[in-house]
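Colleague: The chain contents come next:
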Amino acid sequence: MTQSAAPWLVLLLSVLGTYVWRAMGVVFSARIQPDSAFFQWISCVSYAMVAGLIARMTILPIGALAETPLIDRLGAMALGFAVFFAFKRRILPAAGVGVAAFCLMAYLREAGLPSL
Amino acid sequence: MAAEGGDKALVRKAVIGAAGFPSIVLFASMTGFGSLCRASDLSLAIALGATAGIWGLPGQLAMVELQLAGSELIAIVMAVSLANARFFPMALVILPLLRVGLTRKLWLFPMVQMMSLNPWAATLREAGRLSGRERRLYFVTFAAVCVTAALAGTAFGYLATGALPRPLTLGLIFLNPLFFALLFASLEGRSTVLALLLGAVVGPLLHLVSPDWGLMATGLLAGTAAFLLARRRGRP
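Protein sequences appear in the order of chains S and F. The letter at position 66 of the first sequence is residue 66 when you use my numbering, and the numbering goes up by one with no holes. The letter at position 41 of the second sequence is residue 41 when you use my numbering, and the numbering goes up by one with no holes.
One or more of the hints may lead you astray.
Derived Cβ-Cβ restraints for the label pairs, each shown as a range [stated by the list, open to error]:
{"hint": "1", "chain 1": "F", "residue 1": "D7", "chain 2": "S", "residue 2": "E67", "range": "50 to 60 Å"}
{"hint": "2", "chain 1": "F", "residue 1": "V209", "chain 2": "S", "residue 2": "G75", "range": "24 to 34 Å"}
{"hint": "3", "chain 1": "S", "residue 1": "Y107", "chain 2": "F", "residue 2": "L124", "range": "42 to 52 Å"}
{"hint": "4", "chain 1": "F", "residue 1": "R104", "chain 2": "S", "residue 2": "A82", "range": "46 to 56 Å"}
{"hint": "5", "chain 1": "F", "residue 1": "L208", "chain 2": "S", "residue 2": "R31", "range": "39 to 49 Å"}
{"hint": "6", "chain 1": "F", "residue 1": "A9", "chain 2": "S", "residue 2": "L104", "range": "23 to 33 Å"}
{"hint": "7", "chain 1": "S", "residue 1": "G75", "chain 2": "F", "residue 2": "K13", "range": "40 to 50 Å"}
{"hint": "8", "chain 1": "S", "residue 1": "D35", "chain 2": "F", "residue 2": "A185", "range": "16 to 26 Å"}
Bear in mind the hints are in silico, worked out from the structure with no lab data behind them. C-beta: ideal position from N, C-alpha, C; glycine also.
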C-alpha cells in the first residue's frame, strides 16, 4: 500500500463491512431467531478465522514481530497460558506476565543474548 | 423515586460498571492495537477510526494484518466483515429489548454502532429491571465509556510505540495475539472449541498457500468442519 488514500478506503469499506451485520440485526430482529443453526455456523466460521489469524501472527508474523525468534513468541505464549490456568483463569495477570516475559527476552536479545 | 434522580443513579451505575474491568481490559487490548498500527505505518487517525468505526478488535486486527500482508482490497474487507459477524446475532438478541417504547426507530441504527460485547452483556443482565427508555440510557452510557476507554488505549499504544524502547514496543504488539489466545482459552462449547483449534492449525498453513484468501478459506473450511463435527457428535 503505497498510496496514502488506500488505508482510508480500506478503513471505510471495513467499517461498512462490519456495520452491515449490526444493521441487519436491527432490520431482522423481529423475524429471526438468534439461536438457529445458521448463526452457530457463522460463529464457527468467525472463530476459526480469528484463531487462524492469531496463530499466523504468532508463528509467521509479518511486521515488527518478525524480527523476534519463534521460541520467544511461543515461550511467552506458553507462560501466559500457564499463569492463566494456574490463577483462576484471569486474563489480565496472564497477559501481563506473558508480555513482561516477552519484553525481557527482547531486551536480552538486544543486549546480546545469542539465539537458541 | 423521582424520574430525574432515577436517571442519574442509572447513569452512575452504568459508568461505574463500564469504568471497571471492561474499560481496563479494553484499554489494555486497544493499546496493543494502537501499537500495531504505528508499527504498520498507519496514521493515528486510521487507528482511532478503526477502533470507533469497526469497533470490534478481531476485525480491526484482520484489517491491519491483511493490509500488511499486501492482500487485495476485497479480501481484506470480506475478512474484516466475517471476523465481526457475531454482531448480527448479538444485535438480534438485544434489539427487542432496546426498541420497547421507542417512537423513532431510526435511533436504533446509531445505537447499534455502539454495541460491543461489554455493553451488550451488561444491558442484557440489567434489562429485566429497566423500562425501554432506561435500557437505552444504560446501554448508551455504558457503551460510551467503553468507546472512550478503547480510544484512549488506541492513542496511548500508538503514541507510546514511538516513544518507548524497542523491547517494550515489541511487547505491546505481542499483546495482540496473546490477549486473543487467552480470551479464546476461556471459551467453552464443543463447536466453539473445535472451530478455534482447527482454525489455529489451518490458518498458518493456508496463509502460506495464499496470503490473500488464506484467512477467508480458514474460516470457511475450519469453521464449517467444526460446525458439522459438533453437530454429528451432538446427536444421540
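Colleague: Against the structure shown, which of the earlier numbered hints fail to hold, in ascending order?
Modeller: 6
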